[in-house]
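**Q** Here is how the chains run, residue by residue.
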Amino acid sequence: MLTIENLHANVDDKAILKGLNIEVKPGEVHAIMGPNGAGKSTLGNVLSGRDGYEVTQGKAFLSGKEILELEPEERAGEGLFLAFQYPVEIPGVSNLEFLKASMDAIRKYRGEEEIDSVSFMKLAREKCKAVNLDQNFLKRGVNEGFSGGEKKRNEIMQMMMLEPKMCILDETDSGLDIDALQVVAQGVNSLRSPDRSFVVVTHYQRLLDFIVPDYVHVLADGKIVKSGGKELALELEEKGYGWIEGEVA
Amino acid sequence: MSETMNFIDQATTFVSSHESQSKTQWLADFRLQQQTRFSQNQWPTRKTENWKYTSLNALQQANFNQPSQASSTIDESAYAIENLNAQTLVFVDGVFDATRSQLDIDSNASVCLFSEANEKQQALIQNYLGKASGNSSNIFTHLNGSLTHDGLLIHVAKGQTASPIHVVHYASSQTQAATAQSRHLFVVEDNAQAAVIEHFASVESNGNSLFNQLTEIELGNNAHLHHYRLHLEDEQMIHLGAMHANLQRDAQLNSFHLALGGKIKRIDIEVNYQGSGAHSDVNGVYLTKNRQHVDYHTNMEHAVPHCTTSEVFRGIMDDNSKAVFNGRIHIHPQAQKTLAELSNKNLLLSNKAEINTKPELEIYADDVRCAHGATVSQMDNNALFYLLSRGISREEAERMLSFGFINELIDGVKHEAIGAYLRPVIAELFGNQQHLAECDL
Amino acid sequence: MTDVINERIESDYKAGFVTDVETDTIPPGLNEDVIRTISAKKGEPEWLLEWRLKAFAVWKEMQEPEWAHLKYPKVEFDKVSYYSAPKSMEDKPKSLDEVDPELLKTYEKLGIPLHEQAILAGVAVDAVFDSVSVATTFRDKLEEAGVIFCPISEAVHKYPDLIKKYLGSVVPQKDNFYAALNCAVFSDGSFVYIPKGVRCPMELSTYFRINEAKTGQFERTLIVADEGSYVSYLEGCTAPMRDENQLHAAVVELVAMKDAEIKYSTVQNWYPGDAEGKGGIYNFVTKRGICHQNAKISWTQVETGSAITWKYPSVVLKGDNSIGEFYSVALTNNYQQADTGTKMIHLGKNTRSTIISKGISAGKSQNAYRGLVRMNPGAENARNYTQCDSLLIGDQCGAHTFPYIESKHPAAVVEHEATTSKVSDDQLFLCQQRGIEPEKAVSMIVNGFCKEVFKELPMEFAVEAGKLLEVSLEGSVG
Numbered sequence: 000m001l002t003i004e005n006l007h008a009n010v011d012d013k014a015i016l017k018g019l020n021i022e023v024k025p026g027e028v029h030a031i032m033g034p035n036g037a038g039k040s041t042l043g044n045v046l047s048g049r050d051g052y053e054v055t056q057g058k059a060f061l062s063g064k065e066i067l068e069l070e071p072e073e074r075a076g077e078g079l080f081l082a083f084q085y086p087v088e089i090p091g092v093s094n095l096e097f098l099k100a101s102m103d104a105i106r107k108y109r110g111e112e113e114i115d116s117v118s119f120m121k122l123a124r125e126k127c128k129a130v131n132l133d134q135n136f137l138k139r140g141v142n143e144g145f146s147g148g149e150k151k152r153n154e155i156m157q158m159m160m161l162e163p164k165m166c167i168l169d170e171t172d173s174g175l176d177i178d179a180l181q182v183v184a185q186g187v188n189s190l191r192s193p194d195r196s197f198v199v200v201t202h203y204q205r206l207l208d209f210i211v212p213d214y215v216h217v218l219a220d221g222k223i224v225k226s227g228g229k230e231l232a233l234e235l236e237e238k239g240y241g242w243i244e245g246e247v248a
Numbered sequence: 000m001s002e003t004m005n006f007i008d009q010a011t012t013f014v015s016s017h018e019s020q021s022k023t024q025w026l027a028d029f030r031l032q033q034q035t036r037f038s039q040n041q042w043p044t045r046k047t048e049n050w051k052y053t054s055l056n057a058l059q060q061a062n063f064n065q066p067s068q069a070s071s072t073i074d075e076s077a078y079a080i081e082n083l084n085a086q087t088l089v090f091v092d093g094v095f096d097a098t099r100s101q102l103d104i105d106s107n108a109s110v111c112l113f114s115e116a117n118e119k120q121q122a123l124i125q126n127y128l129g130k131a132s133g134n135s136s137n138i139f140t141h142l143n144g145s146l147t148h149d150g151l152l153i154h155v156a157k158g159q160t161a162s163p164i165h166v167v168h169y170a171s172s173q174t175q176a177a178t179a180q181s182r183h184l185f186v187v188e189d190n191a192q193a194a195v196i197e198h199f200a201s202v203e204s205n206g207n208s209l210f211n212q213l214t215e216i217e218l219g220n221n222a223h224l225h226h227y228r229l230h231l232e233d234e235q236m237i238h239l240g241a242m243h244a245n246l247q248r249d250a251q252l253n254s255f256h257l258a259l260g261g262k263i264k265r266i267d268i269e270v271n272y273q274g275s276g277a278h279s280d281v282n283g284v285y286l287t288k289n290r291q292h293v294d295y296h297t298n299m300e301h302a303v304p305h306c307t308t309s310e311v312f313r314g315i316m317d318d319n320s321k322a323v324f325n326g327r328i329h330i331h332p333q334a335q336k337t338l339a340e341l342s343n344k345n346l347l348l349s350n351k352a353e354i355n356t357k358p359e360l361e362i363y364a365d366d367v368r369c370a371h372g373a374t375v376s377q378m379d380n381n382a383l384f385y386l387l388s389r390g391i392s393r394e395e396a397e398r399m400l401s402f403g404f405i406n407e408l409i410d411g412v413k414h415e416a417i418g419a420y421l422r423p424v425i426a427e428l429f430g431n432q433q434h435l436a437e438c439d440l
Numbered sequence: 000m001t002d003v004i005n006e007r008i009e010s011d012y013k014a015g016f017v018t019d020v021e022t023d024t025i026p027p028g029l030n031e032d033v034i035r036t037i038s039a040k041k042g043e044p045e046w047l048l049e050w051r052l053k054a055f056a057v058w059k060e061m062q063e064p065e066w067a068h069l070k071y072p073k074v075e076f077d078k079v080s081y082y083s084a085p086k087s088m089e090d091k092p093k094s095l096d097e098v099d100p101e102l103l104k105t106y107e108k109l110g111i112p113l114h115e116q117a118i119l120a121g122v123a124v125d126a127v128f129d130s131v132s133v134a135t136t137f138r139d140k141l142e143e144a145g146v147i148f149c150p151i152s153e154a155v156h157k158y159p160d161l162i163k164k165y166l167g168s169v170v171p172q173k174d175n176f177y178a179a180l181n182c183a184v185f186s187d188g189s190f191v192y193i194p195k196g197v198r199c200p201m202e203l204s205t206y207f208r209i210n211e212a213k214t215g216q217f218e219r220t221l222i223v224a225d226e227g228s229y230v231s232y233l234e235g236c237t238a239p240m241r242d243e244n245q246l247h248a249a250v251v252e253l254v255a256m257k258d259a260e261i262k263y264s265t266v267q268n269w270y271p272g273d274a275e276g277k278g279g280i281y282n283f284v285t286k287r288g289i290c291h292q293n294a295k296i297s298w299t300q301v302e303t304g305s306a307i308t309w310k311y312p313s314v315v316l317k318g319d320n321s322i323g324e325f326y327s328v329a330l331t332n333n334y335q336q337a338d339t340g341t342k343m344i345h346l347g348k349n350t351r352s353t354i355i356s357k358g359i360s361a362g363k364s365q366n367a368y369r370g371l372v373r374m375n376p377g378a379e380n381a382r383n384y385t386q387c388d389s390l391l392i393g394d395q396c397g398a399h400t401f402p403y404i405e406s407k408h409p410a411a412v413v414e415h416e417a418t419t420s421k422v423s424d425d426q427l428f429l430c431q432q433r434g435i436e437p438e439k440a441v442s443m444i445v446n447g448f449c450k451e452v453f454k455e456l457p458m459e460f461a462v463e464a465g466k467l468l469e470v471s472l473e474g475s476v477g
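Protein chains in written order, with numbering that gives the first Met the number 0: chain X, 0 to 248; chain G, 0 to 440; chain A, 0 to 477.
Bear in mind the hints are in silico, worked out from the structure with no lab data behind them.
Be aware that one or more of the hints could be misleading.
Claimed, not checked - Dumping the calculated DSS-like pairs for lysine-lysine here, alpha-carbon to alpha-carbon at most 30 Å: (1) K413/G with K138/X; (2) K128/X with K150/X; (3) K413/G with K157/G; (4) K257/A with K317/A; (5) K450/A with K336/G; (6) K342/A with K46/G; (7) K51/G with K59/A.
Let's have the full structure, built from the sequences with the hints guiding it.
**A** Structure (structure tokens):
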């Protein structure tokens, strides 16, 4: 599904990712953990094509197609979805029109018919319910005045609507209380399927109690320094990141 | 220069020739007084502070021809607002058109032309005409006054709640440049409520046609007016207009302004706080493209304590167009405990477009909280990336963000029928009608 | 509490004394002969006389500007004397030892000792007394570094090529009414040239003193920082207390070549007039700098003096990536009026400007910020940030903000914010409850309000500025 080969990336001429490799097969959930400043958020931004993140070396393939040369919206069309750590507020643009524009664009990219308004509304209401968001949120500006938890649930709601094949969750758990965390995890789990994969980027093991990963990788200083099964997360939680850094050094 | 003198000469001749054919002699004193002030005024040049960024060169070609017989093919769809449930008064080239108007809705307001005013209405007009605009130094205010032979009075008596009134000014297609004018006086008495939509429309006017519209508003104690002034005329029009309001104790004015560009559109907005506890929300949107020009000058005169102003104007300028915004807040020495805030944000979409903005504070009282902010910027890159990352094309994303920038103000509009009317109009301006307008749940 | 603020006492202007020296003062009035006389007294070359006369011709055709938010009786230009110099300066003293001790005493009293052993180390001073420079210190040391720092009247003779090239290059003769007047009658001022790649080894400073009655001071300063050089320049000004208004119309031109940086700081403490608004200096000043590629000009001003201030230190950001800054504290008390601010003209790509203006109004004064930010069509990715804060002390004064923003580039960003506030009764009460007397409390609050600007000043000046505010505020709180 997603293959990253020797990825190097700079932000403001400073190397952040320094040769990252990862292979995610269809249906798998990979967790990427690491200390602050390891390059966790950079990964999601680089993969989705944000300005200011410069790839200096390496390749990334989504279902065999190289994506690093594509525009951000083309990557989305290819089925890549980034759930943002800090979703931006866009006053004046309603959630609903935003979602409709997004669905239409992605369907068009895939060569599918536009969804009709009635089905769209039905779907939107349904997904709102699934993440426990009041339907009135649909009318409001994108993320405008949402609490931290509501913003994160809105990300998951979008993910459900757009049905991407490769989802990257960028510290979706940060700042969430346990109830909100469970709602988010349920949403993600409901989307798990043999042809959809997840990369869950997180600082804490807590989220992985609810979204159980197939593999856990430790990212430090721009590289994967250790990989293992879900038990690695527990070990990390117990011993802290210092343990890994010490071991690698 | 000599040609602008011609304009004044022409105007002066026009003013005096009009005097002889007047039907409403009881207005003569007012006109005379206005003529004196008109003749005392200097013709504004680019060195006149209030006209620094707006050239009146286009007026050199303007003409004091009266509009010829209105063409019978008036496009009513150019101004119809669905679900408004309002009385509608239609004026074509400044002249009332009874056949197109709809006055049968029971409204709790008394509405009349000055020329048809009964005794009581005449008394109101004589009492209030020229009052709210009394401090204006704008020459076109006095030109308007000099030519006031008729006008529209809307009067809501004490304690009444009037249903919305839709006042349409339609500029018909003319074979040559013409000048028309109009005057409105809205009197909302103590504890009364009203909603008035001033709506300027045309399909294809003649270039250099000049329309001069002046509105005066008098709000009594605790009176409340929702006011809309929509300038949706075609881009050939020259409009020199103004709104002046006097607010008494605890009065509340919600005034929403929208202007698409024209050859020149200059609108002065003035709120005079005369009773404490009064409040106004003045919001506006200007959208220009091609070679259009819009100029809003707003002035909040805080002369008494404990009043509040909230003012937000936003503009988007494209192509070779130019916009001017001048927002003045004036706190007089007595106006302690005033709260006044002004925000003006602008987006330029082309490297030939231009914005000149000047938010001004003039403060003579110390116990007040005043702030203003003005920005000129590009779209928010984070917001743009968010949309792109959800698969939306750059072009579409930019359209959505531009529309959103404006829609925030439209969302604040109290009458949903007006919001619903404006959204597609604006969406079309940004070249898209698909998603932007539909938000029904 | 508000009553406490309103109660005013006599303010104390410490620089208000008069120096008793014999002077050579030309009679009041302005015509071509006066200009020829000034030029002759300075032994100027013919080209400069022509330049002055041309400016005078332009000035006669100009109108006195009336757009500022200032009200004052018009200056009677015929009643002003345009040149005055101590007689003792006629012999052109060769060293400090030959300078009239009365003059040296004057500067000592003002806290500017001119004897090098007594001087603050690291600051070179040019002392201008009415129309002439009386002394310039540390010249030898500066010459070692290749830095030129001398009176402009001397530079005309010693460095004619530099003067010819740059005089009027930033502020042309016809720029505005007061600049044209200055071009016609300018007397003295400082000239600074920093050669390529040189970091000026010490702070340069000019101290302007008006002494003679009924005279105007028309100084002219020109600073050229060649490629990659750096200079920090300070300017201070005072005048005696007199009942009539005196005119001061200066021009300052700054040229920052590629990669150069000029930091220009002013502490302006001209006599502000008395508590009834009688007397004081009319301060009409044109200050402008031009930045070439990657250059930076930073204006910092603390304006506490003058009856009338009309002053807009500006930066033309011509070169790509150049930077302009303006940090200002303007304090008005009693009947003072100030209309001051800046202009940032963005011509080049990626140019940046920052404007921080703090206006404090007390007494019956009027204090206006007036600024222009212009993004020209070439100003791609240019940025401006402006913050204008006003503080009102008492309910008899006015605080005004007139920012002009003109943008012609879609990729230029301009942000302007303005607020106004007062020294609140709550703040005062808290201070008093903690044992701080009201006057001290107001001065603390005002100092806090101005902090962002003070931190831009060179150390010695920052201390002086703080003290000056305290003195200027005297009488605003009882």
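**Q** What's the verdict on K413/G and K157/G, does the C-alpha distance respect the 30 Å limit or exceed it?
**A** Holds: K413/G and K157/G sit about 22 Å apart, inside 30 Å.
**Q** Just to be careful, I want the Cα atoms of K342/A and K46/G compared with a cutoff of 30 Å; is the pair within it?
**A** holds, 18 Å
**Q** Below or equal to 30 Å on CA atoms is what counts here, so check K450/A against K336/G.
**A** holds, 27 Å
**Q** Given the hint that K51/G pairs with K59/A, test it: the Cα-Cα distance must not exceed 30 Å.
**A** The hint holds at about 25 Å.
**Q** Between K413/G and K138/X, does the CA-CA distance stay at or below 30 Å?
**A** holds, 16 Å
**Q** K257/A and K317/A were given as a pair; does the straight-line alpha-carbon distance stay at or below 30 Å?
**A** holds, 10 Å
**Q** With the threshold set at 30 Å, check whether the alpha-carbon distance from K128/X to K150/X stays at or below it.
**A** Since the Cα atoms of K128/X and K150/X sit roughly 15 Å apart, the hinted pair holds (cutoff 30 Å).
Every hint from the earlier list agrees with this structure, and none is contradicted.
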